[in-house]
Amino acid sequence: MSVYIAIVFVCFAGFFLASYLFHKKHEKKEHFICPFRGRCSEVIQSEFSKFMGMPVEVMGLVYYAGLAIGYGATIAFPSVFGWLILPLLIASTLAFFFSMYLTFIQIVSIRKFCTWCLTSAAFCTIIFGLALFGSYELVEPFLVQFRSPIYAFHVLFMGFGIGAATLNDVLFFKFLKDLRISEQEAAVLKTVNEFIWFAIGFILLTGLALYLPELGPRIGSSQTLMKMLIFLVIIVNAAFLNLTIAPKLVRISFGQEHDHKAGELVRARRLAFLLGPVSLVSWYSAFVVGVMPTNAGYAFREMLTVYVVLLIVGMVIGWIHECRLCDRKPSS
-4 MSVYIAIVFV CFAGFFLASY LFHKKHEKKE HFICPFRGRC SEVIQSEFSK FMGMPVEVMG
56 LVYYAGLAIG YGATIAFPSV FGWLILPLLI ASTLAFFFSM YLTFIQIVSI RKFCTWCLTS
116 AAFCTIIFGL ALFGSYELVE PFLVQFRSPI YAFHVLFMGF GIGAATLNDV LFFKFLKDLR
176 ISEQEAAVLK TVNEFIWFAI GFILLTGLAL YLPELGPRIG SSQTLMKMLI FLVIIVNAAF
236 LNLTIAPKLV RISFGQEHDH KAGELVRARR LAFLLGPVSL VSWYSAFVVG VMPTNAGYAF
296 REMLTVYVVL LIVGMVIGWI HECRLCDRKP SS
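Mapping to the working numbering: the sequence shown position 245 is 240, numbers consecutive.
There may be inaccurate statements among the hints.
The calculated DMTMM-like cross-link candidates involving lysine to aspartate or glutamate, where the alpha carbons are at most 25 Å apart (straight line), are [said to hold, decoys possible]:
no. : residue 1 : residue 2
1   : 20        : 189
2   : 107       : 173
3   : 19        : 37
4   : 20        : 37
5   : 172       : 135
6   : 107       : 132
7   : 107       : 37
8   : 107       : 42
9   : 185       : 37
10  : 45        : 189
11  : 45        : 178
12  : 107       : 135
13  : 45        : 180
Now the in silico label distances, taken between C-beta atoms and shown as ranges [unchecked claim]:
no. : residue 1 : residue 2 : range
14  : 103       : 124       : 23 to 29 Å
15  : 107       : 49        : 19 to 25 Å
16  : 48        : 135       : 35 to 41 Å
Hint data in this document are derived by calculation from the structure and do not stem from the laboratory.
Note that beta-carbon positions come from the ideal geometry of N, C-alpha and C, so glycine has one too.
Kindly produce the complete structure, drawing on both the sequences and the hints.
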């Protein structure tokens, strides 16, 4: 119970921090204090300050308030609200993944850091760790009992992610036929990309729920290691393709202020055509490995070899397609 009390205190701290960010974002006249030479104002006013149309700081307010109320009710009336433990753990897990996503954006795309945003990410991490530690013994039997429905949701979100990633790549290559991406096209890709990250979050959540009860025997299996590797590639590839390269193509095409370097449009475009096939190959490979029978008997080296060969083939096809488009239009 003391763990839940600690979570409530962290939630209060997170709520006040989110309130401060909300106030500063909408009251632009006041000076924004950002410790440790951070660039808080530029980060919270950036194009990534909303997710699926909702301001991130508002999502933080709802999350911290909801968790504080939920755990407070569980502490006060455990016999009545004890069932909230699992939903609260799910919420804290999703918030942890989302905070890692936002931190990754600061590192890869914005390349500026908000001290308060990183503090909020630390709060989410602490809450997730405490929630997992304090409820694991209660949640583990549930995970074992409902393993089949959890697996069904895991496959469902995998299919959702594959569909969104396929649509994203198809639109990306279609928009790049004129060798540029317009602001409207970038907005469409950003929306689809947010659905991809949404799917990744739930895939990681359901995957964690599947592997936690059998963490010991499964962590060293070839299929588990291969799937973890592929998802690492998916996350890193999606970050560079959709959070770095696509925005750069828009900035260059419309002459927006940036540190321009000669030939960077061509390089960004080529990287886009190389990383697009990496996304498709990785998503479909993860799906195949995930539904593969556990007794299939394939070694990690064999699966890795096939995966690498498919990646190379996909990248070559993307490179050839980009060369053909460049031959039809003048170089930029």
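Violations among the numbered hints, reported as their numbers in ascending order:
Checked against the structure, the hints that fail are numbers 2, 5, 6, 12, while the rest are satisfied.
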